[in-house]
Every structure is written in C-alpha cells, then in structure tokens.
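Asker: Taken in order, these protein sequences are the chains called A and B. Numbering-wise (my numbering), the first sequence opens with residue 4 and increments by one. Numbering-wise (my numbering), the second sequence opens with residue 4 and increments by one.
It should be emphasised that the hints constitute simulated quantities derived from the structure, not laboratory data. All the given hints hold, so there is nothing to weed out.
Given that identical chains are not distinguished, each listed pair holds provided it fits within a single copy or across any two copies.
With a straight-line Cα cutoff of 25 Å, these simulated PhoX-like cross-link-like pairs (lysine-lysine) come out:
{"id": "1", "residue 1": "Lys562", "residue 2": "Lys543"}
{"id": "2", "residue 1": "Lys146", "residue 2": "Lys554"}
{"id": "3", "residue 1": "Lys562", "residue 2": "Lys374"}
{"id": "4", "residue 1": "Lys554", "residue 2": "Lys129"}
{"id": "5", "residue 1": "Lys129", "residue 2": "Lys476"}
{"id": "6", "residue 1": "Lys374", "residue 2": "Lys454"}
{"id": "7", "residue 1": "Lys476", "residue 2": "Lys454"}
{"id": "8", "residue 1": "Lys172", "residue 2": "Lys129"}
{"id": "9", "residue 1": "Lys476", "residue 2": "Lys514"}
{"id": "10", "residue 1": "Lys72", "residue 2": "Lys476"}
{"id": "11", "residue 1": "Lys362", "residue 2": "Lys374"}
{"id": "12", "residue 1": "Lys514", "residue 2": "Lys374"}
As the structure is a computational prediction, the values presented were derived from the model and not from experiment.
2 protein chains.
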Amino acid sequence: MSDNYCIGLDYGTNSVRAVIVNTATGEEIAESVWDYAHGEAGIIIDARDPNLARQHPQDYLDGARAVIKGALSHAGAVAGFDPRQVIGIGVDTTGSTPMPLARDGTPLAFSAELSDNPAAMAWLWKDHTSAAEAEEITASAEKSRPHFLAKCGGIYSSEWYWSKLLKCKRSAQAVFDAAHTWVEIADWIPARLCGISNPAQIKRGICAAGHKAMFHTDWGGYPDADFLAGLDPDLARLRASLPDVAYTVDQSAGLLSAEWAQQTGLPAGIPVAVGAFDAHLGGVGSGIRPGVLVKILGTSTCDMMVVPESQQLADIPGLCGIVPGSILPRHFGLEAGQSAVGDIFNWFVNYVQPGGTEKGSHQALTAAAEKLAPGQSGLLGLDWHNGNRTVLVDVRLTGAILGLTLHSRPEEIYRALVESTAFGARVIMERFEEYDQKVNEIVNCGGISVKNPMVMQIYADVMNRPLKIARSKQTPAVGAAMAGAVVAGVEAGGHDSFDSAIDAMTGTLDKQFTPINENARVYNRLYGLYRSMHDAFGVKGSQASLSGVMKELIDIRDKARGQ
Amino acid sequence: MSDNYCIGLDYGTNSVRAVIVNTATGEEIAESVWDYAHGEAGIIIDARDPNLARQHPQDYLDGARAVIKGALSHAGAVAGFDPRQVIGIGVDTTGSTPMPLARDGTPLAFSAELSDNPAAMAWLWKDHTSAAEAEEITASAEKSRPHFLAKCGGIYSSEWYWSKLLKCKRSAQAVFDAAHTWVEIADWIPARLCGISNPAQIKRGICAAGHKAMFHTDWGGYPDADFLAGLDPDLARLRASLPDVAYTVDQSAGLLSAEWAQQTGLPAGIPVAVGAFDAHLGGVGSGIRPGVLVKILGTSTCDMMVVPESQQLADIPGLCGIVPGSILPRHFGLEAGQSAVGDIFNWFVNYVQPGGTEKGSHQALTAAAEKLAPGQSGLLGLDWHNGNRTVLVDVRLTGAILGLTLHSRPEEIYRALVESTAFGARVIMERFEEYDQKVNEIVNCGGISVKNPMVMQIYADVMNRPLKIARSKQTPAVGAAMAGAVVAGVEAGGHDSFDSAIDAMTGTLDKQFTPINENARVYNRLYGLYRSMHDAFGVKGSQASLSGVMKELIDIRDKARGQ
Numbered sequence: 004m005s006d007n008y009c010i011g012l013d014y015g016t017n018s019v020r021a022v023i024v025n026t027a028t029g030e031e032i033a034e035s036v037w038d039y040a041h042g043e044a045g046i047i048i049d050a051r052d053p054n055l056a057r058q059h060p061q062d063y064l065d066g067a068r069a070v071i072k073g074a075l076s077h078a079g080a081v082a083g084f085d086p087r088q089v090i091g092i093g094v095d096t097t098g099s100t101p102m103p104l105a106r107d108g109t110p111l112a113f114s115a116e117l118s119d120n121p122a123a124m125a126w127l128w129k130d131h132t133s134a135a136e137a138e139e140i141t142a143s144a145e146k147s148r149p150h151f152l153a154k155c156g157g158i159y160s161s162e163w164y165w166s167k168l169l170k171c172k173r174s175a176q177a178v179f180d181a182a183h184t185w186v187e188i189a190d191w192i193p194a195r196l197c198g199i200s201n202p203a204q205i206k207r208g209i210c211a212a213g214h215k216a217m218f219h220t221d222w223g224g225y226p227d228a229d230f231l232a233g234l235d236p237d238l239a240r241l242r243a244s245l246p247d248v249a250y251t252v253d254q255s256a257g258l259l260s261a262e263w264a265q266q267t268g269l270p271a272g273i274p275v276a277v278g279a280f281d282a283h284l285g286g287v288g289s290g291i292r293p294g295v296l297v298k299i300l301g302t303s304t305c306d307m308m309v310v311p312e313s314q315q316l317a318d319i320p321g322l323c324g325i326v327p328g329s330i331l332p333r334h335f336g337l338e339a340g341q342s343a344v345g346d347i348f349n350w351f352v353n354y355v356q357p358g359g360t361e362k363g364s365h366q367a368l369t370a371a372a373e374k375l376a377p378g379q380s381g382l383l384g385l386d387w388h389n390g391n392r393t394v395l396v397d398v399r400l401t402g403a404i405l406g407l408t409l410h411s412r413p414e415e416i417y418r419a420l421v422e423s424t425a426f427g428a429r430v431i432m433e434r435f436e437e438y439d440q441k442v443n444e445i446v447n448c449g450g451i452s453v454k455n456p457m458v459m460q461i462y463a464d465v466m467n468r469p470l471k472i473a474r475s476k477q478t479p480a481v482g483a484a485m486a487g488a489v490v491a492g493v494e495a496g497g498h499d500s501f502d503s504a505i506d507a508m509t510g511t512l513d514k515q516f517t518p519i520n521e522n523a524r525v526y527n528r529l530y531g532l533y534r535s536m537h538d539a540f541g542v543k544g545s546q547a548s549l550s551g552v553m554k555e556l557i558d559i560r561d562k563a564r565g566q
Numbered sequence: 004m005s006d007n008y009c010i011g012l013d014y015g016t017n018s019v020r021a022v023i024v025n026t027a028t029g030e031e032i033a034e035s036v037w038d039y040a041h042g043e044a045g046i047i048i049d050a051r052d053p054n055l056a057r058q059h060p061q062d063y064l065d066g067a068r069a070v071i072k073g074a075l076s077h078a079g080a081v082a083g084f085d086p087r088q089v090i091g092i093g094v095d096t097t098g099s100t101p102m103p104l105a106r107d108g109t110p111l112a113f114s115a116e117l118s119d120n121p122a123a124m125a126w127l128w129k130d131h132t133s134a135a136e137a138e139e140i141t142a143s144a145e146k147s148r149p150h151f152l153a154k155c156g157g158i159y160s161s162e163w164y165w166s167k168l169l170k171c172k173r174s175a176q177a178v179f180d181a182a183h184t185w186v187e188i189a190d191w192i193p194a195r196l197c198g199i200s201n202p203a204q205i206k207r208g209i210c211a212a213g214h215k216a217m218f219h220t221d222w223g224g225y226p227d228a229d230f231l232a233g234l235d236p237d238l239a240r241l242r243a244s245l246p247d248v249a250y251t252v253d254q255s256a257g258l259l260s261a262e263w264a265q266q267t268g269l270p271a272g273i274p275v276a277v278g279a280f281d282a283h284l285g286g287v288g289s290g291i292r293p294g295v296l297v298k299i300l301g302t303s304t305c306d307m308m309v310v311p312e313s314q315q316l317a318d319i320p321g322l323c324g325i326v327p328g329s330i331l332p333r334h335f336g337l338e339a340g341q342s343a344v345g346d347i348f349n350w351f352v353n354y355v356q357p358g359g360t361e362k363g364s365h366q367a368l369t370a371a372a373e374k375l376a377p378g379q380s381g382l383l384g385l386d387w388h389n390g391n392r393t394v395l396v397d398v399r400l401t402g403a404i405l406g407l408t409l410h411s412r413p414e415e416i417y418r419a420l421v422e423s424t425a426f427g428a429r430v431i432m433e434r435f436e437e438y439d440q441k442v443n444e445i446v447n448c449g450g451i452s453v454k455n456p457m458v459m460q461i462y463a464d465v466m467n468r469p470l471k472i473a474r475s476k477q478t479p480a481v482g483a484a485m486a487g488a489v490v491a492g493v494e495a496g497g498h499d500s501f502d503s504a505i506d507a508m509t510g511t512l513d514k515q516f517t518p519i520n521e522n523a524r525v526y527n528r529l530y531g532l533y534r535s536m537h538d539a540f541g542v543k544g545s546q547a548s549l550s551g552v553m554k555e556l557i558d559i560r561d562k563a564r565g566q
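Model the full structure from these sequences, guided by the hints.
Answerer: Right, dumping it as structure tokens:
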C-alpha cells in the first residue's frame with residue numbers, strides 16, 4: 004500500500020505556507036513559504052492611519068500557486084513520492100479578514116478602478132480602523148440582542164466582520180455600494196481553488212461565521228436584518244447576500260478545479276475542505292479532543308477546548324467564543340486567550356531595551372532570569388499591556404508591576420513579566436474547570452513553546468500541570484491537511500473522522516515540562532496575590548484588601564533569598 | 004565698618020566642605036572641599052556585608068584642617084579679607100553617625116589595637132547592619148514606652164543611635180566594652196575644635212539626640228535605664244555616660260582652641276556652635292521660619308517646618324520626628340521626608356538603563372520626558388522603591404507602576420517616576436496642613452532643585468504651589484555658618500538671633516516655578532488616583548475600590564492626547 008498525502012495551506016499575516024503531510028503518520032515531508040508581494044511585508048498600510056491593515060487578494064492566489072508548486076517540488080526529493088498521492092487539501096487563514104466581492108464573485112480589488120483602493124481589499128484581522136463601529140455594535144446588541152454577545156465574550160471587536168463592513172459603509176461608501184457581498188478569505192480561497200466564483204455557491208465556514216460574525220443556529224444564522232438595519236440600512240441589504248447555513252471543516256468546499264490542477268501539478272478533482280482560522284486548525288493539528296486544552300503561545304495566545312455537542316454546556320463567562328463545530332465537527336469550540344504574551348516580552352526588549360540592545364535581548368534576559376528562583380525578585384506583574392481578553396474581556400485594562408525596589412534588575416522584571424502571563428494562563432484554565440470542563444492534558448504549540456524552555460517551565464510551575472508540546476511546528480498547516488484528509492475520506496486513503504486523523508497524524512514531543520513541587524508552592528502563593536490584584540483592578544465594583552500584598556511579596560522574596 | 008564672616012563646616016558622606024559666609028549679606032566668598040582619605044570614597048565597607056558603612060574619625064580632623072586652610076587661602080583673593088574677620092564657626096554632619104569614645108574621650112579608632120576595627124569607627128548614617136536591633140527596639144518601645152515612638156514617627160530605625168550601639172554590643176563585644184560613651188560626630192567635631200576631650204564636657208546637640216536617640220525633656224532626656232536594660236544591661240551602663248541636657252544650635256560648644264587656631268590660621272577663641280545635622284542646618288540656610296516648608300531634594304528628601312514652642316502642637320501622625328529646638332531654638336522642629344526620590348530616577352538610569360547608557364541617561368530621558376503633557380503617558384507610579392518614610396512610616400512597602408501598554412516608552416516611565424515622587428511630596432504637604440501647619444511658602448534646595456527644571460515644574464504643578472529655590476547651593480554649610488554668627492553675637496558682628504541671621508544671610512532665587520493651571524488640573528485628577536493606590540496598598544486594613552483606576556488613567560491619557 005502506497006502512502007497518501009494531504010496539503011495544508013496556511014495563510015498567515017505576512018506569508019502563506021504549504022505543508023505536505025502523510026495521512027497515515029502525520030510526517031511533514033515537504034513545505035514551502037511565499038511572502039506576499041503587496042505592501043509592507045504583505046500588508047497594505049497607511050502612513051496617516053496606523054490602524055489600517057489590508058491585503059491584496061491577488062497575493063492569496065499567487066501564493067497558493069507558488070507554495071503548492073514549491074512544496075511538490077521539494078517532495079519530489081522524497082523516494083516514491085508522486086503528486087497523484089495527494090488526496091485532499093485544507094486551508095486555514097487569519098481572521099476575521101473579510102473582503103468585498105462583486106455580484107459575479109470577483110474581488111472588487113481585481114477591478115481596474117478599485118485595484119489601489121484599500122477599502123476594496125481584504126481587511127486584515129489586525130485592521131483596527133473600526134473601533135467606533137465595534138463599540139456601536141456592542142452597545143446596540145447590549146440593548147436589543149444580548150444573546151448575540153453572550154457567545155462572543157460580551158464585547159464585539161473591531162477586528163471582526165460586521166465592524167469592518169460598517170466602517171467601510173461609513174468611510175468608503177462607493178466601495179461598499181459596489182460590493183454584492185463580503186466573504187472571509189478563509190471561505191473565499193477554498194472556493195476559488197475549486198473554481199467557484201458565484202457568491203451563492205461559496206460555502207461559509209462556521210469557524211469564521213460563528214466566532215466573528217455572530218452566526219448561530221439558535222437565532223437562524225447571521226444576525227437578523229432588523230438588528231443590522233438598526234446599525235445601517237445597507238447592512239440589512241448586505242445580509243440578504245449571506246446564506247443560512249455555515250459549514251464545519253469536515254465538509255468539502257468543492258473539488259480542485261482543472262485549471263488549478265494544471266497550474267500546480269496536483270490531481271484535478273481532489274476535495275478541498277471548508278476553510279477555518281489558523282488558531283482553530285492549529286488546535287486540530289495539536290491533537291485537540293475533549294479534556295485537552297490546546298494553547299497556542301505566540302505574541303498573544305489562543306486557548307482552546309472542545310466539548311461534545313451531546314453535552315449540556317452553559318455559557319462560560321469571559322470566554323471569547325463558544326461556537327458549535329468551530330474547531331471539530333459535532334463539538335462546541337471554546338475559545339479563550341490572552342491579548343498579549345510574547346508581545347509583552349517584546350515590549351520590554353524593544354521599547355525598554357534595558358542596558359541596550361545586547362544586554363536587553365531575549366537571550367540575555369532569559370539567561371539571567373532563569374537563574375532566579377520563584378519569588379526571589381519580589382515582583383508581581385499584571386499582564387494587561389494589551390487589555391485582558393479572557394476572563395475579564397476588557398480592553399481598557401493596562402499592565403502593572405509591583406514590588407519594585409532600588410535594586411530591581413532587568414532580568415527580574417523580565418521574569419516577572421513572564422510569570423504574570425503564566426498567572427493569566429492559569430486564570431483561563433481555572434475558568435474552564437470552574438464550569439466543569441476538566442483539563443486532563445495541556446498541549447502547547449506556537450513559537451514560544453519551542454523557543455523558550457524557561458517560559459514553559461514557569462508555566463508548568465504556575466499552572467501546576469505537566470505541559471506537552473505539539474510535535475509539529477506547523478500545527479495550523481497540519482490541521483488544515485487533516486481537514487483535507489477527512490474530506491478525502493478513508494477509502495481514498497484519508498480518514499473517516501477527525502478522531503482517526505488526530506490519532507494518526509498528531510502527537511507530542513517526548514520532552515514535557517513537569518511542575519517542580521517547590522516552585523509550584525511558591526507560585527501558588529504568588530498566584531493568590533495575582534488574583535487579589537486581578538480582581539481588585541479588573542472586576543467592576545470589587546472591594547479589595549491590598550494592604551498586605553507588598554508585605555507578602557517581601558516575605559516571599561526574603562524566604563526565596565534564604566533570609 | 005568692615006565685613007565679618009563665619010565658617011560653616013559641612014561633613015557629608017564622602018567629603019567635608021568649608022564655606023566662608025559674609026554675616027551681613029550671606030555672600031559665600033570662598034569654599035573648599037576635601038575627600039575623606041579612608042575606605043572607598045570615604046566609607047569603610049565590607050565585601051561580606053553590604054549593610055556596613057563606617058568612617059574613620061581621623062578624616063574628620065584632617066578634613067577640618069584641610070578645608071579651613073583651603074577656604075581661607077581662597078578668601079585671600081577677596082579684596083580686604085583678613086582671617087581675623089572670621090568671628091564664628093558652625094558644624095553640620097550626617098547622622099545619626101555615632102562613634103565610641105574611651106574614658107578620656109579619645110575615639111577608640113585612634114588606639115593602635117582598634118584602628119582597623121570597623122566597629123570602633125564612626126557608624127555612618129547609612130550603615131544598616133542593625134536592622135534586627137532596630138526592630139527589637141521598636142517592639143520593646145511599643146510595649147512599654149509608646150510615647151518614645153510617637154515623637155519619631157512610630158518606628159525606630161536601623162540608621163539611629165541605639166540600634167547601632169546595640170548591634171555593636173551584640174557583634175563586637177570587646178569594642179563595646181572598651182567604650183565609655185558614644186557620641187554623634189555632630190557633637191564630637193565642635194568639641195574637638197574647642198580642644199574639649201572629656202566626654203562629660205562634650206555638649207550634645209538636641210538635633211541628633213532628639214531625632215535619633217529618643218531624647219525628650221518630657222521624659223527626662225534620653226530613654227530611662229530601665230527601658231535600656233530591657234534591651235541589654237550594658238546599654239543601661241552606657242546610659243550613665245550621657246548628660247541630662249541637650250543643646251540648640253544657638254549655644255556655643257566652646258571656643259576655638261589655640262592649637263586649632265595655629266593649625267588653620269583662624270583667630271583663637273572664636274565661638275564654635277553646637278553641631279546639628281546637615282538637613283536641619285540646610286533648613287536654616289534655606290531661610291526656614293513658621294509657615295515655610297523647606298524641602299531638601301536629593302537622593303531622598305527631607306521636608307521641614309518649624310512651629311513656635313509657644314503654640315500647642317499635637318503629634319502629627321506619620322512624621323519622622325517632632326523635636327523642640329532641633330532646627331531653630333524655641334521652635335518645634337518638624338521633620339518629614341521621602342525615603343527615595345533621586346534614588347528612584349537613578350535606579351531607572353543605572354539599573355534599568357533603558358536603551359543603554361546613552362539613551363538612558365538622565366539628560367536624554369529628561370529631554371524626552373519634558374515634551375510629554377501631564378497624563379499623556381497613561382502611567383501612574385508609587386514612589387516606594389525604598390519604602391515610605393512619611394506619612395506611612397513603613398519600610399515594607401515597594402514601588403509600583405500602573406498603566407503600562409505595549410507602547411509605553413522609557414521617557415514615559417521616567418516621567419511617571421518623577422510624578423510619583425511629586426505626589427508623595429504633596430501627601431507630606433497635605434499632612435502638615437491637615438494638622439493646622441499652613442504652608443505659606445515652599446523653599447527647595449538640594450541637587451535636584453537646581454539641576455532639573457522639569458522635575459521642579461512637575462512638583463509645582465502637582466503640589467499646585469509656587470516653588471522657590473534657595474539662593475545658596477550649600478545651604479547646610481550656610482546654615483552652619485549662621486549658627487556660628489549667632490553664637491558670635493551681634494556685638495562681634497554676628498547676629499543676636501536666627502530671625503536676624505535668616506533675614507540677612509538667606510534668600511531665594513528670582514526664578515520660581517509657578518503652577519500651570521492646565522497641568523495642575525490634570526495632576527489633581529491623577530493625584531486622586533495616586534491617593535487611592537497609596538491608601539489601598541499603604542494603609543493597613545484598608546478596603547479599596549480600584550476597578551476604575553486603569554480606566555480613568557486611560558481616559559486622562561486619551562484627553563491629554565486629544566483623542
């Protein structure tokens with residue numbers, strides 16, 4: 004029996020990557036990366052408005068061609084590999100990254116008169132031009148549709164679908180008027196690979212629709228036209244272009260078109276899975292299943308769990324989203340996260356730059372910080388430099404550091420910043436468990452998880468749980484490839500379910516991070532202080548007794564220093 | 004009528020300075036500085052114990068000779084100057100800096116067998132080896148002599164007289180046994196200039212005795228033998244060597260001896276004033292009088308007021324000390340202070356060193372910080388990096404910074420640190436006024452007051468008061484010279500009172516710092532937040548509502564940024 008493969012296409016912020024994965028073993032036999040050609044590092048920006056971040060859809064198509072061909076070419080070096088062994092494709096993208104389409108499905112950015120207009124391009128996830136519109140949507144939903152907000156953590160974000168559409172209407176009416184519909188690139192790219200242009204035939208994925216566009220079967224899909232009309236009558240018009248169903252990633256978006264087959268060298272007619280976001284397919288590629296918490300540790304984090312839809316699941320306060328089928332079919336997808344983790348360490352290194360660029364590098368600070376014992380610095384931080392996503396869901400919170408003395412050193416501050424994010428991670432884990440979602444296993448992926456063992460050990464000690472690391476460094480692409488394998492099906496050499504795909508195609512590294520009891524004890528005390536601060540500053544109307552906090556920090560410090 | 008002059012001798016931590024001051028105008032016609040010869044920058048240290056800081060008394064004598072001769076030599080260039088016009092001498096020193104003397108009055112450090120023994124030297128003010136003993140004294144006084152503590156802010160310090168004696172007893176018994184008495188260098192140096200060795204004839208100054216050795220006429224002078232015996236029987240023995248009276252600086256310690264006259268070129272027989280601490284004579288040299296708050300701004304601050312003894316004066320909670328006659332005769336001397344101010348800015352520059360030594364210098368950070376508007380950074384600090392001296396009197400407090408984002412810049416943090424110390428200064432001023440000591444005028448002296456206009460403007464805006472700067476850069480030495488002028492008396496060409504000396508010999512610069520209304524308004528809002536934090540973390544048992552703090556900081560920030 005010969006091997007079979009799937010391709011995962013992973014559309015990131017600056018580049019697209021293709022990974023060819025063995026469906027029986029999860030082995031990644033080849034990959035290829037292509038940097039987007041437009042803008043600065045793939046992002047169209049505006050010197051007058053730092054919140055603007057767009058992408059040109061031409062890059063998505065050129066990128067797909069480049070990386071599929073590139074990966075196939077590299078795979079050619081693998082003995083016995085033949086492109087005909089590729090049986091399916093999956094796609095993950097950033098999001099919410101919606102894009103306006105003409106009535107015939109052509110991106111508006113492909114028309115001559117709009118090709119340079121940023122409003123006609125894809126509005127990248129991190130475009131924050133629509134902050135006012137997001138507040139307006141939140142306020143309106145609070146008043147008339149509170150259930151919409153209950154599924155997305157209580158606040159509608161400027162990074163999301165409807166905020167961006169409303170902003171376009173308000174700031175670029177001509178573009179908005181020219182658009183027949185708006186589609187997430189996670190939906191558009193798979194359709195396009197299948198030669199599907201007609202907007203009515205583009206399958207919308209539940210991951211994007213549910214987490215970012217307030218789609219839920221409880222209220223008949225997308226928000227009702229009345230609600231949208233209250234924001235802007237034109238949004239109600241737009242609503243009519245949207246379907247009533249959304250699909251999970253075990254569904255096929257279509258079959259690879261002859262044209263794409265010819266351009267790439269892949270077999271025509273292989274199925275392409277419905278698309279989803281990188282984080283969610285990263286969860287799949289990390290082996291998510293009930294009881295497993297998958298943490299993607301990067302500049303920010305995404306913390307995910309799944310719960311079978313057969314179970315009763317109450318709303319969990321403070322989670323970013325609870326969407327049926329958004330990660331795995333027939334499971335609620337639970338998404339939480341920290342709005343800044345690596346970004347906080349980067350802030351200290353790049354903005355504060357203690358001692359200059361050399362002494363203040365991640366490497367130097369980590370080397371010095373890992374010599375410190377827990378509690379030794381006497382410092383305690385709040386990891387809210389970019390607000391708090393989970394469980395406080397409040398962008399109007401800020402970072403703090405406490406316990407400073409005339410002798411506090413940069414490596415102590417650096418370690419305290421790391422520890423503060425670990426405390427934030429523990430709050431999320433505890434929130435899952437408070438609502439009966441027992442965390443039996445924690446699998447980490449993302450840059451930090453493989454790059455900084457000190458951070459991982461601190462997380463293990465603070466959370467007091469063993470931490471596993473996903474085997475793949477490209478879990479989103481692997482997750483996308485797994486979706487390809489599932490839509491291909493077991494008879495084609497793929498899988499009949501994600502259960503089977505996860506068993507076969509995912510795993511964790513032998514190296515785990517195990518809590519050190521002595522450290523865990525100290526961190527448990529510090530975590531108590533963190534929670535006091537967390538609730539005092541973060542919970543509206545709270546009354547706090549903080550006069551013991553500094554003294555307890557000193558006490559912990561003195562003990563750690565053996566005094 | 005020819006001019007008359009007095010000499011002020013100012014014994015600092017690393018050097019001694021002499022200033023020759025015109026008694027009619029306060030003009031400083033000559034000065035001379037001599038660096039102590041022993042130890043590192045004049046301080047004998049111990050690599051094994053960072054808390055140890057001693058000085059060799061030989062430096063005090065060699066220094067006096069060097070700087071008096073040096074100053075006279077420089078004054079020789081002034082037309083018409085003659086050493087015979089010098090009519091009096093005053094002395095200020097650091098403190099509490101006690102030193103053990105043999106029965107005949109010789110410093111133990113002058114004996115061959117003890118000349119290298121740090122325990123036999125002067126225990127410099129910043130020697131912190133006796134932290135445990137200070138706690139023991141505080142605990143004992145709390146139990147049986149709470150009134151002792153009421154006059155010194157509630158906590159007896161490791162920097163003070165009895166802590167150091169007790170530590171010597173515990174750690175260097177042989178030295179302690181060899182000592183007949185212990186004397187502050189502020190008392191020993193004036194006596195020595197007058198050729199007085201006999202310990203019984205050394206006049207003890209009320210400034211040192213009252214602020215550091217729990218001397219008060221209310222309880223018959225120094226602490227009673229019973230109390231001291233409870234700490235250690237040998238302290239009771241030592242108590243017997245101490246007098247029952249202590250003197251104000253308008254009293255003469257004696258007359259300059261023929262030997263000293265010969266060695267220095269000064270006229271023999273001119274009076275030498277009783278000594279006092281540098282800060283207190285700095286207050287005098289800044290023109291202190293009722294209603295005037297004098298602030299010495301340096302690595303830490305000393306904030307002083309005087310109140311006529313004819314007035315009723317309740318204990319003011321949180322002040323470091325209230326001692327009759329400690330600053331001006333017939334006035335209560337009120338001492339408050341911040342345990343770190345310049346030291347906090349130095350910590351940021353020397354320890355954090357943002358961007359390296361060049362970008363992170365005081366100059367560069369100040370240049371960038373002064374471009375910021377109040378509130379613009381969104382940051383708020385607590386200035387407790389070295390604990391809080393006034394009004395919380397708590398060394399077990401630490402610094403904090405709040406409002407950090409992924410964009411917080413070093414100059415914003417630097418400015419927030421400066422602002423936090425200004426808020427701390429306002430707390431002290433308000434405490435004086437809460438207890439009916441109206442502050443009609445504020446005079447600043449010390450390094451920061453002349454070196455950093457940005458800091459002074461921030462203080463003016465935060466305190467919402469005009470700030471004056473003392474005319475002299477050497478206010479302690481000028482204050483000491485004024486004491487010399489008062490003990491010389493009006494008939495000799497000096498003054499009959501400090502009122503007269505202050506009128507004639509002190510003044511402020513034309514340049515004042517006036518509050519800018521717009522800034523004061525913003526800082527008033529920030530100060531409200533500072534007080535919330537101050538009380539929440541600093542006041543035992545307090546209940547706080549802090550959940551609005553970060554949001555209000557953001558609101559202030561957004562307004563300051565014009566958003």
